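Q: Keeping the supplied structure of chain A fixed, place chain B upon it in accordance with the hints.
Chains as they are written, first to last, in full-length UniProt numbering: chain A, 1 to 281; chain B, 1 to 281.
The set of hints was computed from the structure by calculation and includes no laboratory data. In this text, all values refer to a predicted model and were calculated from it rather than measured experimentally. Worth double-checking, as some hints may not be accurate.
For identical chains, the list gives no copy identity; a pair is met inside one copy or between any two copies.
Unchecked claim - Calculated lysine to any residue pairs in the SDA-like style (CA-CA distance at most 25 Å, straight line):
#1 Lys-110 - Ser-25
#2 Lys-219 - Glu-98
#3 Lys-110 - Ala-23
#4 Lys-219 - Phe-258
#5 Lys-74 - Leu-22
#6 Lys-208 - Thr-40
There are 2 protein chains.
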Amino acid sequence: MPRLEVNDAENEIGNHAQALALAASTLHVPAYIVMPSISTPSKIAGTRSHGAEVIFSGSTSTEREAVVAEIQAKTDAILVPPYDHFDIICGQGTTALEMEEQYRALVSDKPHLSTPRCGHHPPWGRGLNAGVATFFSGKPTRVFGAEPSFEGADDCRRGLEAGQRVESVKTLTIADGLRTPVGFLNWEVISDGTKVAGVFAVTEDQIKAAMRLVLERMKVVVEPSAVVGLAVCLFNEEFRRLVEKEAGPDGWDIGIVFTGATLPLRQLGSYSPDAETSIQG
Amino acid sequence: MPRLEVNDAENEIGNHAQALALAASTLHVPAYIVMPSISTPSKIAGTRSHGAEVIFSGSTSTEREAVVAEIQAKTDAILVPPYDHFDIICGQGTTALEMEEQYRALVSDKPHLSTPRCGHHPPWGRGLNAGVATFFSGKPTRVFGAEPSFEGADDCRRGLEAGQRVESVKTLTIADGLRTPVGFLNWEVISDGTKVAGVFAVTEDQIKAAMRLVLERMKVVVEPSAVVGLAVCLFNEEFRRLVEKEAGPDGWDIGIVFTGATLPLRQLGSYSPDAETSIQG
Chain A
1 MPRLEVNDAE NEIGNHAQAL ALAASTLHVP AYIVMPSIST PSKIAGTRSH GAEVIFSGST
61 STEREAVVAE IQAKTDAILV PPYDHFDIIC GQGTTALEME EQYRALVSDK PHLSTPRCGH
121 HPPWGRGLNA GVATFFSGKP TRVFGAEPSF EGADDCRRGL EAGQRVESVK TLTIADGLRT
181 PVGFLNWEVI SDGTKVAGVF AVTEDQIKAA MRLVLERMKV VVEPSAVVGL AVCLFNEEFR
241 RLVEKEAGPD GWDIGIVFTG ATLPLRQLGS YSPDAETSIQ G
Chain B
1 MPRLEVNDAE NEIGNHAQAL ALAASTLHVP AYIVMPSIST PSKIAGTRSH GAEVIFSGST
61 STEREAVVAE IQAKTDAILV PPYDHFDIIC GQGTTALEME EQYRALVSDK PHLSTPRCGH
121 HPPWGRGLNA GVATFFSGKP TRVFGAEPSF EGADDCRRGL EAGQRVESVK TLTIADGLRT
181 PVGFLNWEVI SDGTKVAGVF AVTEDQIKAA MRLVLERMKV VVEPSAVVGL AVCLFNEEFR
241 RLVEKEAGPD GWDIGIVFTG ATLPLRQLGS YSPDAETSIQ G
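Looking at chain A on its own, in the form it has when it is part of the complex:
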């Protein structure tokens, strides 16, 4: 059962490429990863380090699809798209299982870290992951979505307001994993009304401040897209009011998944508050 992945050039995530390469090597299955030839070297190296064969294509979707068709014809590979697919949604939903386990272990070990109101049923701020929302549907845990607001990247929030999915987005938000509109199947889950309790948006500066906090204090390398949920919890006034109204001053226990740390190293320096000075000076 060979596998094949098409990396979305506009999306520029590269996390799916690396995750799929790792999954394939764990299962001893060959992986063919189609990447635009303009991909960053660290992304290519990361994918190859898991044993996948990287095949380059042009950066338009037509060019990529041509290369994919060629490889599928030659190898009988299965296409595994990066997000708009039931298997991917279900697979990402297993994050919620891990999170619930880790949360229970943490609270049982350090009960003082939990608010008394919440007990073992935390609401979880989370990116646009339909799988997590599906896992928690019908449970007391609430799931929220988080998006950048820059140049209309908050397509999901806007879509919910307008009552229909925003199909096209053109944004250069630094949260480059969230530049494309929410997938069709993901939208079905998010707009369902019972699974996601709200979607909130944050500015570029708020995302950068959340990056700084994670890099400087948690000492974890993350990409901007990974901290959008944290930025909502820290800075979104509408979300703050909602928590205050529903949970009172104690608030909720909140879980946030940091997904993705694919970025050129030099970019890390740009999250420094004095980055402009030090780079230009």
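A: Below, chain B without anything else, positioned relative to chain A:
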């Protein structure tokens, strides 16, 4: 029992300041941290975030000691120096306990990660931590030291060769936590001949390459001093030959402690292979 810390300005670590502040707040004991007023803002903020009172001094040791004396007179605070002290050595030695626990858990969970020769007795490449060496003395685990070679920063390696401690070092190695000579008490342990099996040195470029690997693949923020042990394992030819000679092609299971991630964010960008181009361009 109030506590007091003097941060070594020449050393510029700041990890001791933050660790002590956290320890004091965990034990509900007040902490007074004396720091040179030229300390980086992230270091000051990190120390304050644990609830310690930061008191500024000039950057010479005379100026610092004057401020320390003043605070001790006022508060009866106990002086906790950053490394050359029995309590600190013993405290740092508990790292070895954690490491041994984690190693056993890892190998029992994933036995294929261990080399058959080593079983449960791994040698551990490690920085100049006399506590770790003391913990493992008399056990099958061997402890090695690692240093930068730039401008004579390998004072410990040179001291062992010459048969006496190098008392003064003037180096600007990027591993700024290792710019001062090894402490007197630490030297007693390291030069004892039975506790540390060897000390190896690496170049600035080797340290930078190790930094890149940890940042890009492990996604952990570390400072240069933290990866000197890893750089030895990756690049030091003398160490490689030793392993080959004593353990054969299977090698050893090696444990490395990453200690310290106190650095200005903008510096992270400088570990990019294309840093010069991107900063100047």
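Q: Given a CA cutoff of 25 Å, do Lys-110 and Ser-25 count as a within-copy pair, a between-copy pair, both, or neither?
A: between (37 Å within a copy, 16 Å between copies)
Q: I want to check one pair: Lys-74 and Leu-22. Are their C-alpha atoms no more than 25 Å apart within a copy, between two copies, both, or neither?
A: Within. Shortest intra-copy distance 22 Å satisfies the 25 Å Cα cut-off; inter-copy 59 Å does not.
Q: With identical chains, the pair Lys-219 and Phe-258 could be close in the same copy or across copies; at 25 Å between alpha carbons, which is it: within, between, both, or neither?
A: This pair counts as both: shortest intra-copy Cα distance 13 Å, inter-copy 12 Å.
Q: Regarding Lys-208 and Thr-40, is the shortest C-alpha distance of 25 Å or less found within a copy, between copies, in both, or in neither?
A: both (21 Å within a copy, 20 Å between copies)
Q: First find the shortest C-alpha distance between Lys-219 and Glu-98 inside one copy, then the shortest across copies, and answer within, between, both or neither for a cut-off of 25 Å.
A: Both ways: Lys-219 and Glu-98 sit 21 Å apart in one copy and 19 Å across, limit 25 Å.
Q: Treating 25 Å as the Cα threshold, decide for Lys-110 and Ala-23: within, between, both or neither.
A: Cα proximity of Lys-110 and Ala-23: across copies only (17 Å, versus 33 Å in one copy).
Checked against the numbered hints given earlier, the structure satisfies every one of them.
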